[in-house]
Amino acid sequence: MDPDKFIENFAAQFDDTDTSEFTLETRFRDLEEWSSLTGLSVIAMIDEEYDVTVKGDDIRNSSTIKELYEIVNSKL
Amino acid sequence: MYNPFSLVGKTILVTGASSGIGKATAIECSKMGATLIITGRDEKNLKETNDSLEGNNHLMIIADFCIDENIEQIVNSIELPLDGIVHSAGFNKLLPFQFVNKESLSEIFAVNYFAPTLLTQRILKKKKLNKDSSVVFISSISGVLCSSVGASMYSSTKGAINGLVKGMSLDLASKNIRVNCVNPGVVETNIFKDDILTNEQLLEERSRYPLKRFGKPEEIAWAVIYLLSNASKWVTGTNLIIDGGFTLI
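Residue numbers (the working numbering), protein chains in the order written: chain A, 4 to 79; chain B, 5 to 253.
Note that these hints are calculated values from the structure, not bench results. Note that beta-carbon positions come from the ideal geometry of N, C-alpha and C, so glycine has one too. Wrong hints could be hidden among the right ones.
Stated by the list, open to error - Here are some chain B residues pointing at chain A (derived, C-beta under 10 Å): (1) Asn54; (2) Ser56; (3) Ala114; (4) Phe118; (5) Ile200; (6) Glu204; (7) Leu207; (8) Ser211; (9) Pro214; (10) Glu222.
Said to hold, decoys possible - Once the Cα atoms are required to be at most 20 Å apart in a straight line, the calculated DMTMM-like pairs of lysine to aspartate or glutamate come out as: (11) B:Lys179 to B:Asp199; (12) B:Lys97 to A:Asp50; (13) B:Lys106 to A:Glu52; (14) B:Lys97 to A:Glu51; (15) A:Lys78 to B:Asp199; (16) A:Lys78 to A:Glu51; (17) B:Lys106 to A:Glu70; (18) B:Lys197 to A:Asp50; (19) A:Lys8 to A:Asp21; (20) B:Lys132 to B:Glu83.
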């Protein structure tokens, strides 16, 4: 699974945050635009793009995009 | 003893009786003297409900509402004419609107809207619903008074039920059959068992209720009992909101 593509898919769930702000190290829950809706959108994106089901807790327990990427990667 | 809410002598069909509001409704109705026909998908859980019913002569039918033939099977299994139907089978699938797709919409509408609608229609057509009977849909505040993030599909199904109930109640008034909804706020059931929401999010949601908690399944069942009983003989086409004050603010 391509990490750059994952970052791109992740960033696509945001409207106001500049794409350049997203890297594997981004602490996404600290972003101003982060909300329960973006959280649900990330879950839906992972299901649609990777056919992987992540739980709300997987999101909550990940601080960086890299940690979430690893969870998805482990379930592929 | 004087009791206008009694269900003695009434035969009631409850769908979705293997868990949650349907299970509590079946059990509470049996305590009020009703004879129950219960349906659900999960054999083990449905049997557990069946074992918890008070009294005798209850009937249990394992049925998955996504399969059309099962609707016919339920209708054929009904021998005694019914005095009441409680449509409790249903599920929620949270999906932000941008991700809504036809497959998910079809799935949720099949169970939350098409199955209860067609089941009632078939029962009526086969004349298995008595005059003076009562049909109760477990709707929601969601889709009728409010919605929540990611709930557009669920809200749509409950909004559709809201419209159905109004039209049905007019068409069936000549038979003195009453049709109503109860509209609960969040009730402590396993409807969020897919873990999309975290405990933290559920706790936050709970704190938004003026009565500071979610509902209990029995608290919905007792409203259903009212709508099934002769106490509500002049009530039709209505929404009975039970939400701990949630929609006041």
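Violated constraints from the hint list, given by number and in increasing order: 1, 2, 3, 4, 7, 8, 9, 10, 11, 17
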